[in-house]
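With these hints in hand, go ahead and build the complete structure from the sequences.
Protein sequence lines correspond, in order, to chains A and B. Going letter by letter, the first sequence gives residues 1 to 245 in the numbering used here. Going letter by letter, the second sequence gives residues 246 to 701 in the numbering used here.
Bear in mind the hints are in silico, worked out from the structure with no lab data behind them. Don't take every hint at face value.
[Said to hold, decoys possible] Below, a sample of chain B positions facing chain A; criterion: calculated Cβ distance under 10 Å:
(1) Glu-273
(2) Lys-317
(3) Ser-387
Owing to the predicted nature of the structure, the values given are computational and were not obtained by experimental measurement. Beta carbons are placed, not taken as given, at the ideal position from N, Cα and C, and that holds for glycine.
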Amino acid sequence: MTVLILGATSPIAQAVADVYAAAGFSVALAARDVEEAGRAARDLQIRHGVEARGFAFDACEDFERHAALVSEVEATLGPVDVALVAFGFMGDQQASEEDFEKARRVIEVNYTGAVSVCEAVARAMESRGAGSIIGLSSVAGERGRASNYFYGSAKGALTLYLQGLRSRLASKNVHVMTVKLGFVDTPMTFELETGIPVASPQKAAQAIFNAQGRGVETFYYPRFWGGIMGVIKSIPEKVFKRLSL
Amino acid sequence: MSTTTWASKSLAGWGRYPIVDTLCARPESQSQTLKAFHDRQGDALLAHGFGRSYGDAALLSQGRVVLTRRLKKMLEFDEASGLLRVEAGVTIGELIEVFLPRGWFVPVVPGTQFVSMGGAIGCNIHGKNHGHAGCFGDHVRSMEMLLASGEVVRCSREEHEDLFWATIGGMGLTGIILNAEIQLQAVESGAIEMESIRFNNLDEFFQISAESSDYFHTVSWIDCVKSGAQMGRGIFMRGRHASAAQARTLSEGPLERVVELAQRVLDGRAFESNVLLNRATIRLFNEAYYHKHPAGEHHSVVGYEPFFFPLDAVENWNYVYGKRGFLQYQMVVPEREAVRDILKVISESKMASFLAVIKEFGDQDHGGLSFPCGGTTLALDFPNFGEPLLTMMDRLDELVAEVGGRVYLGKDSRLSAEMFRRMYPTWERWREVRDRWDPQGVFQSDLSRRLGLTPA
Numbered sequence: 001m002t003v004l005i006l007g008a009t010s011p012i013a014q015a016v017a018d019v020y021a022a023a024g025f026s027v028a029l030a031a032r033d034v035e036e037a038g039r040a041a042r043d044l045q046i047r048h049g050v051e052a053r054g055f056a057f058d059a060c061e062d063f064e065r066h067a068a069l070v071s072e073v074e075a076t077l078g079p080v081d082v083a084l085v086a087f088g089f090m091g092d093q094q095a096s097e098e099d100f101e102k103a104r105r106v107i108e109v110n111y112t113g114a115v116s117v118c119e120a121v122a123r124a125m126e127s128r129g130a131g132s133i134i135g136l137s138s139v140a141g142e143r144g145r146a147s148n149y150f151y152g153s154a155k156g157a158l159t160l161y162l163q164g165l166r167s168r169l170a171s172k173n174v175h176v177m178t179v180k181l182g183f184v185d186t187p188m189t190f191e192l193e194t195g196i197p198v199a200s201p202q203k204a205a206q207a208i209f210n211a212q213g214r215g216v217e218t219f220y221y222p223r224f225w226g227g228i229m230g231v232i233k234s235i236p237e238k239v240f241k242r243l244s245l
Numbered sequence: 246m247s248t249t250t251w252a253s254k255s256l257a258g259w260g261r262y263p264i265v266d267t268l269c270a271r272p273e274s275q276s277q278t279l280k281a282f283h284d285r286q287g288d289a290l291l292a293h294g295f296g297r298s299y300g301d302a303a304l305l306s307q308g309r310v311v312l313t314r315r316l317k318k319m320l321e322f323d324e325a326s327g328l329l330r331v332e333a334g335v336t337i338g339e340l341i342e343v344f345l346p347r348g349w350f351v352p353v354v355p356g357t358q359f360v361s362m363g364g365a366i367g368c369n370i371h372g373k374n375h376g377h378a379g380c381f382g383d384h385v386r387s388m389e390m391l392l393a394s395g396e397v398v399r400c401s402r403e404e405h406e407d408l409f410w411a412t413i414g415g416m417g418l419t420g421i422i423l424n425a426e427i428q429l430q431a432v433e434s435g436a437i438e439m440e441s442i443r444f445n446n447l448d449e450f451f452q453i454s455a456e457s458s459d460y461f462h463t464v465s466w467i468d469c470v471k472s473g474a475q476m477g478r479g480i481f482m483r484g485r486h487a488s489a490a491q492a493r494t495l496s497e498g499p500l501e502r503v504v505e506l507a508q509r510v511l512d513g514r515a516f517e518s519n520v521l522l523n524r525a526t527i528r529l530f531n532e533a534y535y536h537k538h539p540a541g542e543h544h545s546v547v548g549y550e551p552f553f554f555p556l557d558a559v560e561n562w563n564y565v566y567g568k569r570g571f572l573q574y575q576m577v578v579p580e581r582e583a584v585r586d587i588l589k590v591i592s593e594s595k596m597a598s599f600l601a602v603i604k605e606f607g608d609q610d611h612g613g614l615s616f617p618c619g620g621t622t623l624a625l626d627f628p629n630f631g632e633p634l635l636t637m638m639d640r641l642d643e644l645v646a647e648v649g650g651r652v653y654l655g656k657d658s659r660l661s662a663e664m665f666r667r668m669y670p671t672w673e674r675w676r677e678v679r680d681r682w683d684p685q686g687v688f689q690s691d692l693s694r695r696l697g698l699t700p701a
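Here it is, written out as structure tokens:
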């Protein structure tokens, strides 16, 4: 069994890789920093005695390479049973408002790049009639907010895309899962002073692994975020735009 | 590439005294660590692992701190020889978890498994087996370090051996340890075949200690409330790694019973007050602890966790001391008589130590800032009684320095620079090496400034 992790150097991605390796999966770690991915692969080999390898991957540098990457991984480690799209880019809202090139990067990494690589994975899984695709979306994609609407809209689009992909692949025995993460203890949240509990990447990873195993389609982690977002989505637009969220 | 994120965080050692606010970065990889170094904007820098040193060894109030806990990749492992290279943020507990099932154990472990390997090297930690195995640093083959110059350099006993020597026990002041190569110890099982023996006074302790040289691990708990004929009564524990056959006979011994008692008392999450631990409750606890153990000897085979890490089962037991925190005083003295004098001062002071641990070290002395040397070591946990406690500790310093002993810097938050110089006679040689590799004093800590080891 093989898991492909796209965007493998983030703490959540590494924690997920660790959980799958512990379960005996071979692991393909695809990342821009291929040297770091190689170190992470070595770590998995030592800890769990599984096959693991680093692969060069850039979400938007070269879309044509995405299909080639999937073939390369499958030729080296065998058919991909589980693929995790873990990369993302928060960007800077202010800078994105001033310079569209900055906004475009946020959109392309979080949406276009994710779609491109998901399609490549989906084609391989569809032809075999087996597999599971996990997309890390975000609670930020549930409602447009003044403070991060470039990132939020791209993640929101990704959520919709995954929904459509799920419909398309349902009859082909390919599982698609959308994960909406709240605060997890990563570089993105390191600075935050928040009253809301921050989950460890290890716990998030275990939850993702368990949910994928059960064939869950959409889930929030930590789970209470489902409730929070329910409330946030129910606030009328007229009121919502006056809230400084 | 984006610049390093520095966030203001409150940091403290395990004693929760002192607590300081510092700009912190938490790199996720070696390359981000190098980046943080370059993004420090000329400030002094210090690596901080899991904050299990007690005082201010891993604190830096005017400067920046690099949290190394996410640097935990395992880089190389030789199944045949047990030689392992890992990044500095891997904990002792993680090493045991990964390698014990393959027949390897960490050769020297402290009283908690929640310490990073970088911290274990920086404090040159000792375990219950100092006489047989020396310190943690004795099992380190080489290290890769980020130096004040910004270079990454490998050092070992053959390569830059001055840097290697000064980094082991160097309290994190020679650079940031990125990764290290250590030699694991082959074991048949993780279980410990052990004997626990109740002793009535200090003379009996020394006698049993002398008869225990063929036990790999030895440690004792003593009651430092008692005075007179019962001064230094306690429980002696000695053990060795059990064979695979013995490991199958794991039993519940008196050690578990006393550990369980300590755990119940120390489960500090429910308390945030200063009233829980006072002389009366400590006296009661010591009485109960002593009598929970049956008189005489007791044989059992126990898991490694209750033997090596009896308090780890209680998360945040340091909180039992309340907001004021606590101070640990650990010293080593080469003369037995001095132990008696020290216990006398403590018992007369009416300031009780909750858990006191005593053991005899082997003769190995690493030199520099490294703590262990031949003699008897005593570790005492005092609730932060404030001024009277600090005054008594100054008095203990005198007694310790007088006989050529020293205080453990990894547990200190109040030793004076003058006293430090008396206790660590080879500190100047250490300082010379440090100055050579870090002439501007890039790496500093509150401890190093207090002791005059780096620019103030």
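Results of checking the hints against the structure:
1. Glu-273: Interface hint status for B/Glu-273: holds (6 Å vs cutoff 10 Å).
2. Lys-317: holds (8 Å)
3. Ser-387: violated (17 Å)
Taken one by one, the earlier hints fail for this structure only at number 3.
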